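Chemist: Using the sequences and the accompanying hints, generate a full structural model.
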Amino acid sequence: MPSNDTTEQQRKHHPRAAFQSRDFRLFQAARFLFVVGWQMQSVAIAWQVAEATGRPLDVGFVGLIQFLPAIGFFLVTGHVADRYDRRRIVMACMAGLGLASLLLAVLTVSGQVRLSYILALTFLIGVCHAFATPASQALMPQLVPPEHFPNAVAWNSSIWQVAAITGPALGGLLIHFGGGPQVVYFTDALICTVAALLVARIHARSVAAKQNSAPTLETLFAGIRYVWEKKVILGAITLDLFAVLLGGAVALLPFYAKDILHVGSLGYGLLRAAPSIGAAAMAVIVAHLPPFQRAGRLMLIAVALFGVLTIVFGLSRSFGLSLAALVALGAADMISVVIRHTLVQIVTPHEMRGRVSAVNSVFIGASNQLGEFESGVTAQWFGLVPSVVIGGVGTLLVVAVIAVLFPELRRFGRLDRMKT
1 MPSNDTTEQQ RKHHPRAAFQ SRDFRLFQAA RFLFVVGWQM QSVAIAWQVA EATGRPLDVG
61 FVGLIQFLPA IGFFLVTGHV ADRYDRRRIV MACMAGLGLA SLLLAVLTVS GQVRLSYILA
121 LTFLIGVCHA FATPASQALM PQLVPPEHFP NAVAWNSSIW QVAAITGPAL GGLLIHFGGG
181 PQVVYFTDAL ICTVAALLVA RIHARSVAAK QNSAPTLETL FAGIRYVWEK KVILGAITLD
241 LFAVLLGGAV ALLPFYAKDI LHVGSLGYGL LRAAPSIGAA AMAVIVAHLP PFQRAGRLML
301 IAVALFGVLT IVFGLSRSFG LSLAALVALG AADMISVVIR HTLVQIVTPH EMRGRVSAVN
361 SVFIGASNQL GEFESGVTAQ WFGLVPSVVI GGVGTLLVVA VIAVLFPELR RFGRLDRMKT
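When we follow this note's numbering, the leftmost residue of the sequence shown carries the number 1, and every step to the right adds one.
Derived from the structure by calculation, the hints contain no laboratory data. Since we're looking at a predicted model, the values are computed, not measured. Treat the hints with caution; some may be incorrect.
Now the in silico label distances, taken between C-beta atoms and shown as ranges [what the hints assert, rightly or not]:
no.	residue 1	residue 2	range
1	Q380	V76	35 to 45 Å
2	H288	A200	28 to 38 Å
3	A50	V377	17 to 27 Å
4	K258	R225	46 to 56 Å
5	Q380	L64	17 to 27 Å
6	A50	P349	44 to 54 Å
7	G264	G178	21 to 31 Å
8	L315	R225	36 to 46 Å
9	S110	D58	14 to 24 Å
10	F382	E51	26 to 36 Å
By construction, the Cβ of each residue, glycine as well, lies at the ideal position given by its N, Cα and C atoms.
Modeler: Shown next, in the form of structure tokens:
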């Protein structure tokens, strides 16, 4: 028995345990390319719309239209992810995104591009993401042994953050030096093709759902019902929803850079990158640590720290302190992200992961999109600094309320025992 425990602990402590799986390596390579391409594409679309119309509202419509399918189709996307081969779903979505970029490139080069065309293709992009997100989240547990899954989540989050930093920078460089957004679109079409081919080489076992039967109201709503009944999952995603909704200050960074810190566009770029840098660094650190033993309590502490750091940033008049607060804020948020994503997957049965992931995706998307809106409204009503401070205080109150209402989350322990 002691020797078995020792061997188990060594496996858990291996910082790159997840990469022992060939399928996981292929998936992460594909996902890195996919996220880089998506971020490049988003930068190019926003730039093209801004150049064409000069109206910030039109750029806002792009984000809204891309998010609508995640809400409108989430019952169907989760059902599809649980009833069909998740690998093929991800491949099809990558191909769809590549096709959208190719059409945008052709329209741009031909001079036939119109705002209505861009918005229509943006909706197609949103549909692809709506189907790809639950399928890819539910696919990942099939790629590694259960004991390596927390390590896989940490690396998955780290790679996403690096890609999220790389994509916009590369997109901006291609627009500036390549001659326009069409170069970004052609590049993204190629990237999506390579990513889809990498996913095609994955040998993960199929979902083997109970039957590929027609969806019923019961099967479509099963994900919502499961989340509602599993209080530990409901508590985790509710905590994230309201913490990001109230504590997100990213939407106000341009105004902080210009009016509070007086650091201009260069300083704004550094402020915008700071949370991602902190998140990526923390994800690597988490990957080198053994699975958390008191994950629920740690998640609550991390979100509370997120709220405190939001307040620090809101009150700061020093660029260095503001930058440090955002880096630390991103690191604290990453601890919460890793725990939440791992918790949702290990508590959810294999045949339900697609539908539960779809519900989780709607919560995440709503918190990000509505959080930007909430930041703008409170800043308009109360002023820039008070709105950020109020958001940080609100986050602390949310942590306290969730800790009381969801004791199952507070008591949740190890993150290395997965249902199969």
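Chemist: Measuring from beta carbon to beta carbon, are Q380 and V76 in 35 to 45 Å?
Modeler: Roughly 36 Å apart at Cβ, these two residues keep to the hinted range, so it holds.
Chemist: Quick check: does the Cβ-Cβ distance between L315 and R225 fall within 36 to 46 Å?
Modeler: Taking Cβ atoms as reference, L315 and R225 lie about 43 Å apart, which means the hint holds.
Chemist: CB of G264 to CB of G178, is that within 21 to 31 Å?
Modeler: Hint holds: Cβ distance 25 Å, inside 21 to 31 Å.
Chemist: Quick check: does the Cβ-Cβ distance between F382 and E51 fall within 26 to 36 Å?
Modeler: At 33 Å between Cβs, range holds.
Chemist: Return holds or violated for the Cβ distance of A50 and V377 against the range 17 to 27 Å.
Modeler: 23 Å, holds
Chemist: For the pair H288 and A200, does the Cβ-Cβ distance stay inside 28 to 38 Å?
Modeler: 31 Å, holds
Chemist: Can you let me know if the beta-carbon spacing of K258 and R225 is within 46 to 56 Å?
Modeler: 47 Å, holds
Chemist: Range hint 17 to 27 Å: satisfied by the CB atoms of Q380 and L64?
Modeler: 19 Å, holds
Chemist: Given the range 14 to 24 Å, decide if the beta-carbon distance of S110 to D58 lies inside it.
Modeler: Given range 14 to 24 Å: holds, Cβ gap about 21 Å.
Chemist: When you take the CB atoms of A50 and P349, is the distance between them in 44 to 54 Å?
Modeler: 45 Å, holds
In summary, the structure agrees with every hint in the numbered list given earlier.
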